[in-house]
Amino acid sequence: MKIHEYQGKAILARYGVPVPKGKVAFTVEEAEAAAKELGGFVVVKAQIHAGGRGKGGGVKVVKTVEDAVTAARNILGMQLVTHQTGPQGQKVGRLLVEEALPIEKELYLGITLDRASGKNVFMASSEGGMEIEEVAHHTPEKILKEVIEPGIGLSGYQARKMAFGIGIPAGSVNAAAKAMMALAKAYDEIDCSLAEINPFILLKDGRVMALDAKINIDDNAMFRHPEFADLRDLAEEDPLEVEASKFSLNYIKLDGNIACMVNGAGLAMATMDIVKYAGGEPANFLDVGGGANEEQIKNAFRILLSDTAVKAVFINIFGGILRCDILATGVVNAARELGISVPIVIRMEGTNVAEGKKILAESGFNFGVADGMMDGAQQVVRAAQ
Amino acid sequence: MSVLVNKNTRLLVQGYTGAQGTFHATQSINYGTTVVGGVTPGKGGNTHLDRPVFNTVADCVKETGANASVIFVPPPFAADSIMEAADAGVELIVCITEGIPVRDMIAVKQFLKERNVRLIGPNCPGIITPNECRIGIMPGHIFKPGNIGVVSRSGTLTYEAVGQLSALGIGQSTCIGIGGDPIIGTTHLDAIQLLNADPDTHAIIMVGEIGGNNEEIAAAWIKENVTKPVIGFIAGQTAPEGRRMGHAGAIVAGGSGKAEDKMAAMEAAGITVCASPAEIGQKVKERLGL
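Residue numbers (this note's numbering), protein chains in the order written: chain A, 1 to 385; chain W, 386 to 675.
Careful: at least some of the hints might be erroneous.
What the hints assert, rightly or not - When the alpha-carbon atoms are kept at most 30 Å apart in a straight line, the in silico DSSO-like pairs for lysine-lysine are as follows:
id	chain 1	residue 1	chain 2	residue 2
1	A	K161	A	K145
2	A	K276	W	K670
3	A	K178	W	K494
4	A	K276	W	K643
5	A	K214	A	K2
6	W	K643	A	K119
7	A	K214	W	K494
8	A	K119	W	K608
9	A	K185	W	K494
10	A	K21	A	K36
11	A	K23	A	K105
12	W	K643	A	K142
13	A	K253	W	K643
14	A	K2	W	K643
15	A	K357	W	K529
16	A	K298	A	K358
17	W	K643	A	K55
18	A	K214	W	K643
19	W	K498	A	K185
20	W	K494	A	K145
21	W	K643	A	K311
22	W	K613	W	K643
23	A	K119	W	K498
24	A	K142	A	K55
25	A	K161	W	K494
26	A	K145	W	K643
27	A	K145	W	K498
28	A	K119	W	K494
29	W	K494	A	K2
The set of hints was computed from the structure by calculation and includes no laboratory data.
Could you build all of it, start to finish, from the sequences and the hints given here?
Quick look at the structure:
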């Protein structure tokens, strides 16, 4: 789960990572009050989950309360377009109003999982404020890494080594190391799947602070953190994806016009691939899971068809636990109940496939029945044209 | 021949009396797997599916001589179940559970390093040696005994590949579903090393997907060490960056874990990489000259 910058900073602050004074604002009035409280010299920052907000015009530094109000008015409600939002952008519904600080140096801190070793890795770089992928690509030697030992955490010597290594002056190293260790502790305790502070800043007066906070939380660990449920911002998610999640369906909306319904994540990805290979564009990823029931199939169908771009549907099921006859019954019932306006191609294989095909044939609907994945993909691509 | 599991495997089931455990234990028994009993804390002393239930894995191992375990335990308790099995000396642990937090698996990985056990999964369909032993949730009837080893991160994509092979009359030695999570016990490399050492495995199918770089690591080893034909496929060629595609581990992040990088590494290692998942079986046939 992604959370907003201001939410991430609030969590990090509890662990002892220094952050600027700031307040979240949902309205221009709230932004004005926050700017007054902070003395007028503030940064007004759009709160959306995507990165690249500054370049898109979602971050403004202002010197007076009046200018803060103008900035808030301009940014709140805007469709903020960044390299991560896609061309349609993301509507800004909240702001973070923060004290503006005299920056000496912009640095980078981050934590991510190293899958090969099964351990988290702390990364620090002198090249703050830039895309870390760019730094990794062009100047990998400028990213320092320390393995976080499970059960021990980031040790003081590791933090100091990185702090000195990224050019923090001696007088500020202890504060920086403390912030790094606090970040590592937070990462572990709140079950992060990603943490990035970019930039982590050194101030003119020698203090250090997290000027940004990108925190993702492991969805699988949410049962341990019921208090985080409120941090989810549904406005940041696609409405169809939100709807699908209510029925435990794994749906991701894409830009094409061929809807896909598949059981199993790997086969669902492979189905998108083969649609593309056959010359079409997938409209979505949808994994109905290994043990889908009729009700889920029906809801999956409804969600697929409510995407207005969809011109044809490809159902690709390899029946293991999910039997083909159950799938066929679910599809036929959904078709009867919802009505169907686009061609549907079904490819079934595996458990009870003969019974499943019989149900489809006797349904009275003109389903395209495919012989294999490739045949199915070719049929559905033709049908969508 | 086969790897890891065969007719001598003595399987215990953790989460034995639950719905999933009961269903799949029954399927495994019907397949001919030697299921010796199971564990559900608090239900020890009972009999379930004509087999004894124990309170702890240690009791079960002591009484039944189990040497493999399959875990059908909900995510909050699954990591604990893996460690319990490892501590009881079970040699092969197969964890089916999907949704275990990464933090828990970091701890498990450390725990297992000090013990001589193999973990398959989590978030996997299990492992099968056709006509000998089925551990997990795979539909047994699609498999056919033979000489192709299969290793895959995905369940249904494994079935797809196996279905194509069986339809062509080509059987399998052992099929290993290694799981779709970021941290797994047995990687592509581990599974391929085992299959490479098995004299009755004549070719290997390696099915990967976006996320991480385990396929690249395996490809590098294959390049230097494997003379058997290897046929591969990578799912997620059309997946958008930054989105988790169903599996917790299937995500392209920060420019790494891309399908194209994996396919390039595999091709460079002499692996026959299928552009389409529909041609896996056919490519195996061609590589074997059948």
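Now for the hints, and whether the structure bears them out:
1. Taken as a hint, the A/K161 and A/K145 pair is honoured in the structure, with Cα atoms around 10 Å apart against an allowance of 30 Å.
2. Note on A/K276 and W/K670: the hinted pairing holds, with a Cα-Cα distance of about 25 Å set against a maximum of 30 Å.
3. For a cut-off of 30 Å, the pair hint linking A/K178 to W/K494 stands: about 28 Å separates their Cα positions.
4. As the CA atoms of A/K276 and W/K643 are separated by approximately 16 Å, the hinted pair is consistent with the 30 Å bound.
5. Our distance criterion of 30 Å between C-alpha atoms is met by A/K214 and A/K2, whose separation comes to about 8 Å.
6. Using a Cα cut-off of 30 Å, the hinted pair W/K643 and A/K119 holds, with the two alpha carbons roughly 21 Å apart.
7. For the proposed pair A/K214 and W/K494, the alpha carbon gap of about 27 Å is at most 30 Å, so the pair holds.
8. For the proposed pair A/K119 and W/K608, the alpha carbon gap of about 27 Å is at most 30 Å, so the pair holds.
9. Under the criterion of a C-alpha separation no larger than 30 Å, the hint pairing A/K185 with W/K494 is consistent with the structure, at around 19 Å.
10. With a C-alpha separation of about 13 Å, the suggested pair A/K21 and A/K36 falls inside the 30 Å cut-off, and the hint holds.
11. For a cut-off of 30 Å, the pair hint linking A/K23 to A/K105 stands: about 24 Å separates their Cα positions.
12. At most 30 Å may separate the alpha-carbon atoms for a hinted pair to count; W/K643 and A/K142 meet this at roughly 23 Å.
13. This hinted pair checks out: A/K253 and W/K643 have alpha carbons roughly 19 Å apart, not beyond 30 Å.
14. Taking the CA atoms of A/K2 and W/K643, the gap is about 21 Å. The hint holds against a cut of 30 Å.
15. The suggested pairing of A/K357 with W/K529 holds, with an alpha-carbon distance near 24 Å, which does not exceed 30 Å.
16. Restraint check for A/K298 and A/K358: satisfied, since their Cα atoms lie roughly 19 Å apart, inside the 30 Å limit.
17. Restraint check for W/K643 and A/K55: satisfied, since their Cα atoms lie roughly 26 Å apart, inside the 30 Å limit.
18. The hinted pair formed by A/K214 and W/K643 meets the criterion: a straight-line CA distance of about 22 Å does not exceed 30 Å.
19. For the hint pairing W/K498 with A/K185, the CA-to-CA distance comes to about 23 Å; that is within 30 Å, so the pair holds.
20. Our distance criterion of 30 Å between C-alpha atoms is met by W/K494 and A/K145, whose separation comes to about 21 Å.
21. Between W/K643 and A/K311, the direct Cα distance comes to roughly 28 Å. Compliance with the 30 Å bound is thereby established for this hinted pair.
22. At roughly 26 Å between alpha-carbon atoms, W/K613 and W/K643 fall within 30 Å of each other, so this suggested pair holds.
23. Distance check on the hinted pair: A/K119 and W/K498 sit about 13 Å apart at the alpha-carbon level, within 30 Å; holds.
24. Between A/K142 and A/K55 the CA atoms are separated by roughly 24 Å; this keeps the pair inside 30 Å, and the hint holds.
25. Annotation: proposed proximity of A/K161 to W/K494 holds, straight-line Cα distance about 27 Å (limit 30 Å).
26. For the proposed pair A/K145 and W/K643, the alpha carbon gap of about 22 Å is at most 30 Å, so the pair holds.
27. Simply put, A/K145 and W/K498 have alpha-carbon atoms about 23 Å apart, close enough for the 30 Å limit, and the pair holds.
28. Between A/K119 and W/K494 the CA atoms are separated by roughly 9 Å; this keeps the pair inside 30 Å, and the hint holds.
29. About 26 Å separates the Cα atoms of W/K494 and A/K2, which keeps this hinted pair within 30 Å; it holds.
The structure shown violates none of the earlier numbered hints.
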